[in-house]
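Chemist: Chains A and B, in that order, are what the protein sequence lines are. Following our numbering, the numbering of the first sequence begins with 1 at its first residue and continues without gaps. Following our numbering, the numbering of the second sequence begins with 1 at its first residue and continues without gaps.
To give a feel for the contact side, a few chain B residues facing chain A, derived at Cβ under 8 Å:
#1 Tyr31
#2 Gly40
#3 Leu41
#4 Gly42
#5 Leu43
#6 Gln45
#7 Tyr48
#8 Met50
#9 Asp56
#10 Gly58
#11 Phe90
#12 Ser94
#13 Glu99
#14 Phe102
#15 Gly103
Straight line, CA to CA, 30 Å or less: simulated DSS-like cross-link-like pairs of lysine-lysine:
#16 B:Lys57 / A:Lys96
#17 B:Lys71 / A:Lys96
#18 B:Lys57 / A:Lys52
#19 A:Lys96 / B:Lys69
Some chain B residues well away from chain A (every beta-carbon gap over 10 Å; in silico):
#20 Thr15
#21 Thr20
#22 Glu79
#23 Gln85
#24 Val110
#25 Leu111
Honestly, the hints are just simulated from the structure, not real lab data. The structure displayed is predicted, hence computed values, not measured ones. Where is the CB? At the ideal position from N, CA and C, for every residue including glycine.
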Amino acid sequence: GNSVTQMEGPVTLSEEAFLTINCTYTATGYPSLFWYVQYPGEGLQLLLKATKADDKGSNKGFEATYRKETTSFHLEKGSVQVSDSAVYFCALSEVKDSNYQLIWGAGTKLIIKP
Amino acid sequence: EAQVTQNPRYLITVTGKKLTVTCSQNMNHEYMSWYRQDPGLGLRQIYYSMNVEVTDKGDVPEGYKVSRKEKRNFPLILESPSPNQTSLYFCASSTGGREQFFGPGTRLTVL
Chain A
1 GNSVTQMEGP VTLSEEAFLT INCTYTATGY PSLFWYVQYP GEGLQLLLKA
51 TKADDKGSNK GFEATYRKET TSFHLEKGSV QVSDSAVYFC ALSEVKDSNY
101 QLIWGAGTKL IIKP
Chain B
1 EAQVTQNPRY LITVTGKKLT VTCSQNMNHE YMSWYRQDPG LGLRQIYYSM
51 NVEVTDKGDV PEGYKVSRKE KRNFPLILES PSPNQTSLYF CASSTGGREQ
101 FFGPGTRLTV L
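Starting from the given sequences, assemble the full structure and let the hints guide the process.
Modeler: Pasting the structure below:
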């Protein structure tokens, strides 16, 4: 079945550092890809998405490009802030029998130190 | 404000005592879903509903029930909770497209 693999955390960076969180997927067909963020004590928020190959999703300085040839959707940010500390989840959408199920990676905890 | 609400946010209970976690959305979404989040496992789908009176099992439905009598509400019912159901639970809703909106989560502890 479809699956998502994320790099294990925690990832610890200093403020203003460059961020990459790796995400690769296996899928039959052409899923949409998502990054969700979970701030401490809060629910999940959609950070960005891409619906087809070569699409780039972007939001709040974060970017990710849907790479079909490498089955990847890596999350990047040029200069992180302490407020970016959170858990980041990569996910893909799978439509099976009208069920718009999201298949999730395990999550990567990001810690930004001032 | 468009939102998904869940209640309670935190619950500690004992084995076998029936409980219900409520979920409500104000976006007129047809699709609703319940997930549980466990460390190292990401989120796993418990049940989903395509519309009123239409529900089906996700990947981990054992020990759970749901109902969808109204479009806005999708309660999760644990008839006889057990310690392995200790988890963080999320409700989500969608128009049927691929972006889902999540509630704030319910942290359940079963002793």
